[in-house]
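**Q** In case you want the letters, here they are:
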Amino acid sequence: MTAAGYSIIGVTCVFVATLAIGAYGWRFSRTTSDFFVASRTVRPGLNASAIGGEYLSAASFLGVAGLVLAFGTEMLWYPVGWTAGYLVLLVLVAAPLRRSGAYTLPDFAESRLESLGVRRFSSLLVVAIGWLYLMPQFQGAGLALATTTGTGPWLGGVLVAAVVLVNVLFGGMRSITFVQAFQYWLKLTALLFPVLFMTAVWLGDGGVSPASADVGGPDMSGDEWASPLAGGSEHQLYTTYAIIVATFFGTMGLPHVVVRFYTNPDGAAARRTTLFVLALLGLFYVLPPIYGGLGRLYAPDLISSGRTDTVVLELPARMLGGTTGELLSALTTAGAFAAFLSTSSGLTVAVAGVLSQDVMGRRFRGVRAFQAAAVIAVVVPLGLALLTEGVGVARAVGLAFAFAASTFCPLLVLGIWWRRLTDAGAIAGMLVGGGGAGGAVLATLAGVAPDGWPGALLAQPAAWTVPLAFLTMTVVSLATPRRVPRHASRTMASLHTPEAVQLDRGPLPR
Amino acid sequence: MSDATPRRVRVTSPRTGATRAQRVPAAREIEAQTLLGEVYMTSLLRSQLRLALLALAAVAVLVGGIPLVFWLLPDLSAVEVLAVPLPWLLLAFAVYPLLFATGWLYVRAAERNERDFTDVLDRS
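In order, the protein sequences belong to chains F and C.
Per my numbering, the very first residue in the first sequence carries number 1; after that it's consecutive.
Per my numbering, the very first residue in the second sequence carries number 1; after that it's consecutive.
Don't take every hint at face value.
[Claimed, not checked] According to the in silico footprint, chain F covers these stretches of chain C (three or more CB under 8 Å from chain F):
1. 5-11
2. 38-48
3. 52-65
4. 91-104
Calculated from the structure, these hints are not laboratory results.
Just so you know, these numbers come straight off a predicted model, no measurement behind them.
A virtual CB, placed ideally from N, CA and C, is assigned to each residue, including glycine.
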């Protein structure tokens with residue numbers, strides 16, 4: 001059998017397993033609460049696996065190894081930041097966010113600030129970030145299927161979109177939870193097994209350092225590759241810290257991450273779940289960089305041909321050869337599709353939740369509205385992915401993180417810890433932060449970015465847009481003291497009081 | 001303890017009802033947003049925020065300090081441990097246990113804060 005044959009079988013198995021496990025969950029999904037938040041009964045262990053499965057997207061599974069192979073150690077800041085983002089989330093928002101008792105980010109904004117305007121604006125941002133993040137998933141799926149089986153570049157995206165839609169339409173969050181938990185362990189296995197074999201080969205060959213390999217080309221000497229500072233020779237320190245800020249603070253603002261917290265039974269469980277997630281992410285992120293490092297020794301031609309994103313898919317076959325190598329490569333391909341499916345499912349649920357509540361609520365109700373919204377949530381980014389050339393998986397995901405860090409991070413942090421936040425301040429801060437981050441990256445993509453310092457500031461905007469957003473939010477809130485929500489103290493009390501204390505927490509929003 | 005367990009005696013007082021009526025549970029104080037309730041809430045909020053900032057500061061120094069150290073001492077990049085470059089060893093492996101340990105200590109301390117808070121309310 002050919003290598004493409006093994007890959008097709010592997011990918012088909014992932015699709016079938018996803019639908020089968022989803023179908024198992026369909027039986028339990030009856031109420032609106034099941035569809036949105038799995039009726040808040042998911043335990044920390046299962047929930048953490050589901051969060052891990054959802055969070056580890058194409059950018060983590062394929063992108064990290066490719067970036068490390070191409071640019072070296074500095075790119076390790078991405079996986080480190082994506083994990084540390086969960087620590088920041090744990091420390092600043094996990095338990096209070098769960099206690100707020102809201103379904104989505106706009107729900108939180110409305111109940112905390114008692115303003116419909118903030119709600120509408122947050123809904124817009126959730127949909128924007130969600131689509132920005134969904135697009136590269138579909139594009140990545142097309143790329144992966146085209147690389148391994150030689151089909152057209154559109155087929156992978158369409159297949160992933162179809163499977164996601166079927167599961168979300170029939171099972172909502174309840175069935176997605178099972179599917180994503182399964183996919184975390186599948187992704188881990190798919191990277192771990194080949195690594196064991198490949199490390200044995202590497203040690204057998206004498207275990208030389210990847211930095212000692214000579215791959216040619218400028219800026220690619222071993223020392224340059226091993227340096228943990230990002231960027232070329234200029235503004236290294238700034239660029240590195242900008243990546244750190246975007247990833248550390250962007251995680252909490254991603255709609256599909258936050259929506260998961262509402263599925264915990266209580267605040268303490270939300271914290272324990274997050275801690276569990278930290279462990280699972282740390283376990284996973286050890287693996288992709290190994291592909292990047294070994295790729296520098298065993299597949300250096302991928303760098304010059306610009307196909308570094310495929311190193312995870314190709315390296316096992318190259319290092320081991322024969323049927324073993326082809327089987328292991330098929331395993332990593334299957335894992336990649338698990339990554340596309342799980343992240344797209346989570347994002348679809350999050351975006352559909354917001355769309356159905358804030359855009360379609362008038363005409364449809366409950367489960368019907370959710371299902372109609374899910375179709376829109378998938379079809380629009382799929383169309384965009386098919387029509388446009390795309391900006392590259394890692395680039396688009398990086399943009400989403402910088403954008404989330406500059407908008408939702410200040411809203412959540414100040415909303416939870418600062419009583420005097422006002423709706424005017426929140427909107428002003430999100431406008432300034434989102435406008436700055438969005439504008440900067442659009443300018444870079446459009447190619448109008450200047451050289452030198454302005455160019456560095458525009459390419460990685462998070463280091464200045466995040467503080468700016470915090471500052472604007474604080475200053476405008478202080479300037480509008482009369483707009484402090486009437487029940488601010490009461491809301492704050494219910495966010496921070498442990499569930500063991502009997503409080504009248506007021507009506508849940510909607 | 002002595003072997004002869006004393007017989008259980010029901011202790012009653014005609015004034016119990018009257019004294020109880022004057023006590024307001026602390027949770028009600030918080031709900032009613034009285035001055036006392038605000039004091040309870042502020043103290044919980046402060047201790048949780050201080051803990052959160054402490055955890056963030058630890059990460060900022062231990063992880064956020066890595067780029068600065070390598071920028072000041074670029075020669076460190078060339079150091080290798082068992083054929084693995086030092087920056088690689090730090091960022092690909094050592095960081096994750098550190099992050100988890102920070103999170104673990106934080107969760108323990110945050111739950112202790114909440115337990116203390118609940119105990120204070122129960123006692124009052």
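**Q** None of the hints should be skipped; say for each whether it holds.
**A** For each hint, the structure was consulted:
Remark: the segment 5-11 of chain C is not confirmed as covered by chain F, as 0 of its residues place a Cβ nearer than 8 Å to a Cβ of that chain, below the required three. Figure legend: the segment 38-48 of chain C, annotated as covered by chain F; annotation consistent (5 residues with Cβ-Cβ distances under 8 Å, at least 3 required). Taking a C-beta to C-beta cut-off of 8 Å, the segment 52-65 of chain C contributes 6 residues in contact with chain F, enough for the three needed, and the coverage statement holds. As drawn, the segment 91-104 of chain C meets chain F at 11 residues by the rule of a beta-carbon pair under 8 Å; at three or more, the given contact holds.
Violated hint for the displayed structure: number 1, the only one.
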